[in-house]
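Chains as they are written, first to last, in the working numbering: chain A, 1 to 360; chain B, 1 to 397.
Quick caveat, the hints were computed from the structure, so don't treat them as lab data. Fair warning: this is a prediction, and the values are worked out from it, not measured in the lab. Please note: incorrect hints may appear among the correct ones.
Said to hold, decoys possible - Cut-off 16 Å, straight-line C-alpha distance, at most; resulting in silico cross-link-like pairs (EDC-like, lysine to aspartate or glutamate):
1) A:K243 x B:D336
2) B:K7 x A:D34
3) A:K10 x B:E121
4) B:K393 x A:E2
5) A:K66 x B:E8
6) A:K246 x B:E391
7) B:K266 x B:D336
8) B:K193 x B:D311
9) A:K237 x A:E2
10) A:K143 x A:E199
11) A:K10 x B:D336
12) A:K243 x B:E391
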Amino acid sequence: MEFALDQDQKMMQESVNRTLDRVCPLDRVRKAADANEPAADVWSALVELGMPGLLIPEQFGGVGLKLLDAALVSEAIGRHVAPVPFIASCVMAPLALLRAGSPAQQSNWLPKLASGEITAGVAISEQVAGARDGAGVAAHNGKLSGKAMFVLDFDDAELFVVADRENNLHLVNANSPGIAESPLTTIDLTRTVGELSFENVDAEPLAQSDALIAMRDAGWIMLAADTLGAGWQMIEKAVEYSKDRKQFDRVIGSFQAVKHLCAEMAAELEPGRSLVWYAAHAFDAIPGDASLSAAHAKSYLGEIGRFVARTSTEVHGGIGITDLLGLHFWFKRIGLNRQLLGGPERVRHLAAVMQGFAAA
Amino acid sequence: MDLAYSKEYEHFRATTRAFLEKHRAQFPKPYGGGRPSPEMMAWQKLLIENGYAARTIPSEYGGYGAEPDILKSRIISEEFTRAKAPMGLAGQGISMLVPTLLEVGSEEQKRKYIAPTLRGEIIWCQGYSEPGAGSDLASLQTRGIEDGNDFIINGQKIWTSTAQSADMIFCLMRTESERAKHQGISYILFSMKTPGIEVRPLKTMTGNAEFNEVFFTNVRVPQDNVVGGRGQGWFVANATLKHERGMLGDPNAANTRLQAIIDLMKEETIDGQRLMDNSVLRDRLMQLQSRVLAMQFHGLRLLTAAATGDDVGLARLIVKLEGCELNHQLAAFAIDALGELGVLYHDSPHLRANGFWQRAYMFDLGLIIGGGTAQIQKNIIAERGLGMPREPKLAKD
Numbered sequence: 001m002e003f004a005l006d007q008d009q010k011m012m013q014e015s016v017n018r019t020l021d022r023v024c025p026l027d028r029v030r031k032a033a034d035a036n037e038p039a040a041d042v043w044s045a046l047v048e049l050g051m052p053g054l055l056i057p058e059q060f061g062g063v064g065l066k067l068l069d070a071a072l073v074s075e076a077i078g079r080h081v082a083p084v085p086f087i088a089s090c091v092m093a094p095l096a097l098l099r100a101g102s103p104a105q106q107s108n109w110l111p112k113l114a115s116g117e118i119t120a121g122v123a124i125s126e127q128v129a130g131a132r133d134g135a136g137v138a139a140h141n142g143k144l145s146g147k148a149m150f151v152l153d154f155d156d157a158e159l160f161v162v163a164d165r166e167n168n169l170h171l172v173n174a175n176s177p178g179i180a181e182s183p184l185t186t187i188d189l190t191r192t193v194g195e196l197s198f199e200n201v202d203a204e205p206l207a208q209s210d211a212l213i214a215m216r217d218a219g220w221i222m223l224a225a226d227t228l229g230a231g232w233q234m235i236e237k238a239v240e241y242s243k244d245r246k247q248f249d250r251v252i253g254s255f256q257a258v259k260h261l262c263a264e265m266a267a268e269l270e271p272g273r274s275l276v277w278y279a280a281h282a283f284d285a286i287p288g289d290a291s292l293s294a295a296h297a298k299s300y301l302g303e304i305g306r307f308v309a310r311t312s313t314e315v316h317g318g319i320g321i322t323d324l325l326g327l328h329f330w331f332k333r334i335g336l337n338r339q340l341l342g343g344p345e346r347v348r349h350l351a352a353v354m355q356g357f358a359a360a
Numbered sequence: 001m002d003l004a005y006s007k008e009y010e011h012f013r014a015t016t017r018a019f020l021e022k023h024r025a026q027f028p029k030p031y032g033g034g035r036p037s038p039e040m041m042a043w044q045k046l047l048i049e050n051g052y053a054a055r056t057i058p059s060e061y062g063g064y065g066a067e068p069d070i071l072k073s074r075i076i077s078e079e080f081t082r083a084k085a086p087m088g089l090a091g092q093g094i095s096m097l098v099p100t101l102l103e104v105g106s107e108e109q110k111r112k113y114i115a116p117t118l119r120g121e122i123i124w125c126q127g128y129s130e131p132g133a134g135s136d137l138a139s140l141q142t143r144g145i146e147d148g149n150d151f152i153i154n155g156q157k158i159w160t161s162t163a164q165s166a167d168m169i170f171c172l173m174r175t176e177s178e179r180a181k182h183q184g185i186s187y188i189l190f191s192m193k194t195p196g197i198e199v200r201p202l203k204t205m206t207g208n209a210e211f212n213e214v215f216f217t218n219v220r221v222p223q224d225n226v227v228g229g230r231g232q233g234w235f236v237a238n239a240t241l242k243h244e245r246g247m248l249g250d251p252n253a254a255n256t257r258l259q260a261i262i263d264l265m266k267e268e269t270i271d272g273q274r275l276m277d278n279s280v281l282r283d284r285l286m287q288l289q290s291r292v293l294a295m296q297f298h299g300l301r302l303l304t305a306a307a308t309g310d311d312v313g314l315a316r317l318i319v320k321l322e323g324c325e326l327n328h329q330l331a332a333f334a335i336d337a338l339g340e341l342g343v344l345y346h347d348s349p350h351l352r353a354n355g356f357w358q359r360a361y362m363f364d365l366g367l368i369i370g371g372g373t374a375q376i377q378k379n380i381i382a383e384r385g386l387g388m389p390r391e392p393k394l395a396k397d
């Protein structure tokens, strides 16, 4: 019995953190956010570390690791609010291809994804978080029509994995005729989210399988891990600031009112780490527990993330809400993670359904 | 990450399970504190002989003498829960005094006290808190004045659970009044039958007297009864408090409560609708389930770290704060889910679960306060876990 990271996992996460410390400082984040574009150089650095191929087997040019490894990377990316396509392109789309792709589809797309040559977006929001504003995709004779909102890792994607209203999955080439792309501008400009309109667009179906569930669970876990990393960074920034800032001739970190806010953030967030680890481990090793623990990881980190984001900002006082300090990049990242693929209430409802406590 | 147990541990689990199966007829009523029944004492003896109680206490002091193995301890607790078998005796003597004596007691003290305490022949109470010394325990004022080879003790203790039935007390008092606050305290053991001790039950909001006040008037105790040397009491006591803080945040207790609430929500109805079919209550249940799972996995992480000696930093410091709060929230939610029925108490008609949820809701507030208040826990997390500065001392006038 060992509930812990192994040496390789610790080293891998450390090396991603070190690389991001170097290539993704606040200035770089700000520049990418100003343009609301992925940071190509930060992406290249992650490609060099092999991150796009993390889950893809060696035969397709990846390294074939597990979802827990991906969660550790997601945590590091959240910690640095890195403007890179990771959750959909490096995790959810490869999983869809691995679980439901034909050999031809796999050998066509997985090597390109693993090498970072292309990125992929994922359009499953309607089937997980629910359909809004008339969104929803219909498949008919191998053609897609309708629209998909909150498409993840939207910008520059060459491939989209799209769920239709019947929960079937399709691969769509971004250059296919009949697609219209329009970006959605969220609070968080470190990631790109968009809307796809389809008018009789050619699509290749993926096999009927549990791939949509797997993408959803993995997406929930990655978003939770991103919030874990971003949240801990916000706690560390608050603590650091409180040891430096003086009022009433004392560093404010010596006031119990401030100390207790920091202690509460840490005490609430840290158990979330174990929840993320367990959910990610269960995804590969304990299938019976995978969906429920993923749902709890997503909703718990969604709730605690909000508390940490506002409290850390509050500890900083007035400077905390300025653009100059840049703390808001983390605040907004956590805010987006909370809502994507379903807010806490929706995800908890699904958790209740999974246990037979509620009707779907 | 590997949540399976190795062969050695699976074998240990099977042995434990077989033991419990074989001795099912001897299960006593669960121990509720105070003087143990003869059945409980016989059960305790059987458990020690087989290594299911006092497992790591050296056999020369009446324990089983096994090497510490936290996974085996965990398996024992899991299997006892599964079989609904009562664990061995617990209480402040076994969980706090015995580890302290093993760490700092004299050879004579170890030989005299540990074995009978483990067997349930000596029941102990703890004399730490005083009306004027709670979170600031080191400001305690109960005094032991030297008189020949004895101390003459005067003062008052409070929050002394089991004092009515205790044979002995381990007690903190000021014996070196000329020394600084933390250096003037001694940790001393004496009989509760010593003349000059008065115990008054302290009834709490639950309606029960879970605690007592203990008054000392010219109580004469030999100086030989000091543990760890005169003036060392603060450091001796800190060794014990460490054990208490681990004890107060048990994540399995939260899981048991959660399961009971799930059952309750499936069985109870309001206007013919199952509580589980009320989406607001269901959402609150799911929120609590997230927390229970998080703390359960957090417990597994700490368990692994304790077994491997890994440093988990702040992770260990949050257990008392989060664990006690979670248990309290679970009780609060059960009361809310029961609606008007949730306020029934005492021996009322329609009472549910013998009033457990209200009693737990009230009693657990005491646990949030006792053993280091939530606010003291937050100071510890901030200062030791996050490296934040201590409150500057006020200048003395």
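Hints, one by one, checked against the model:
1. A:K243 x B:D336: violated (42 Å)
2. B:K7 x A:D34: This hinted pair is violated, its Cα atoms lying about 57 Å apart.
3. A:K10 x B:E121: violated (50 Å)
4. B:K393 x A:E2: violated (44 Å)
5. A:K66 x B:E8: Roughly 28 Å separates the two Cα atoms, so the pair is violated.
6. A:K246 x B:E391: holds (14 Å)
7. B:K266 x B:D336: holds (15 Å)
8. B:K193 x B:D311: Violated. B:K193 to B:D311 sits at ~45 Å, over the 16 Å cutoff.
9. A:K237 x A:E2: violated (31 Å)
10. A:K143 x A:E199: holds (8 Å)
11. A:K10 x B:D336: Violated, because 44 Å separates the two Cα atoms, which is more than 16 Å.
12. A:K243 x B:E391: holds (12 Å)
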